[in-house]
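Participant: What follows is each chain in one-letter form.
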Amino acid sequence: GEDVEQSLFLSVREGDSSVINCTYTDSSSTYLYWYKQEPGAGLQLLTYIFSNMDMKQDQRLTVLLNKKDKHLSLRIADTQTGDSAIYFCAESPSGNTPLVFGKGTRLSVIA
Amino acid sequence: KAGVTQTPRYLIKTRGQQVTLSCSPISGHRSVSWYQQTPGQGLQFLFEYFSETQRNKGNFPGRFSGRQFSNSRSEMNVSTLELGDSALYLCASSGDLDNEQFFGPGTRLTVL
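So the sequence lines, in the order shown, correspond to chains A and B.
Each residue of the first sequence is one higher than the one before, starting from 705 at the first, in the numbering used here.
Each residue of the second sequence is one higher than the one before, starting from 30 at the first, in the numbering used here.
One chain only, chain B, in its complex shape:
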């Protein structure tokens, strides 16, 4: 079974731009969660989607948004990028009855 995949793996953007990251969950998993990892704040929860609906949301500004498609693939979008948005963005998927979240390799975003 293929694992969680994330594209692209690396991105460089400038302040004020917007960016879209993509995550494909493990086949059969309907839940996709997004986390931001920075050296200062560690791992912080952004949001979770289940069956195309946002089920949980972390404490991030409205510039951070996401969506999920009918095939469970998910995208997250960050608008009006700031330097502080530079981070590793991790996606995790889990099955309906699973207690486990499986992570992808992440997308490293650098904002200049």
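Chain A with its partners taken away, still in its complex shape:
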């Protein structure tokens, strides 16, 4: 079945880069997403990548996709205290099918 794995915790210093990793098992995954959840809030879509892409950059965010290894990463440049949150990786075979989420990575930014 489908499975998405993420490490649970990451701690970085303010100003450093953060890299959050994710692996998935479904080879038919076409869309891969990164969501951010702050305490007491819903999920905020940060970015997504289509499976025929290797990289996508959006301001401080860079997504890298290694389709052969089924590995996705999210790099946050110049990490700020406001980036402290839980980051979820999710995949789906097509844009409007149910999302399968990882358990989330809690990012702590130390000032």
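These aren't lab readings, by the way, just hints derived from the structure by calculation.
All clues given are correct.
Every beta carbon over 10 Å from chain B, so not counted as near; a handful from chain A, in silico:
1) G719
2) N725
3) Y728
4) T729
5) Q761
6) N770
7) A781
8) V813
Straight-line distance between alpha carbons at most 27 Å, and here's what the computed BS3-like set of lysine-lysine pairs gives:
9) K42/B to K86/B
10) K86/B to K774/A
11) K740/A to K807/A
12) K807/A to K86/B
13) K774/A to K740/A
14) K771/A to K740/A
15) K807/A to K771/A
16) K86/B to K740/A
17) K771/A to K760/A
Don't be surprised by glycine CBs; every beta carbon is placed ideally from N, CA and C.
Mind docking chain B on chain A? Use the hints.
Facilitator: For chain B alone, kept in the frame of chain A given last:
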């Protein structure tokens, strides 16, 4: 454009009761999906509605049901509540040609 709204934001119920949660999608979005988030199981898909029809369904018991109205607003109902139903229930909407699902703030349900 207003985002996805969910009401109520917080609910406290007791075992055996039933509950109805409401979700209003982004204007123009016809697809509404529901997810349950718990510390143990993470985010799990409940069901998706499109144009008043259930299009996808997750692996939840029949106590969990939903519907969608002609204005795309959706409700989910949980009957005979159990302690394990305590969770954050998230609703997401997407447009017909969108690859993106936009989430509401969620309804936090506590079952005592």
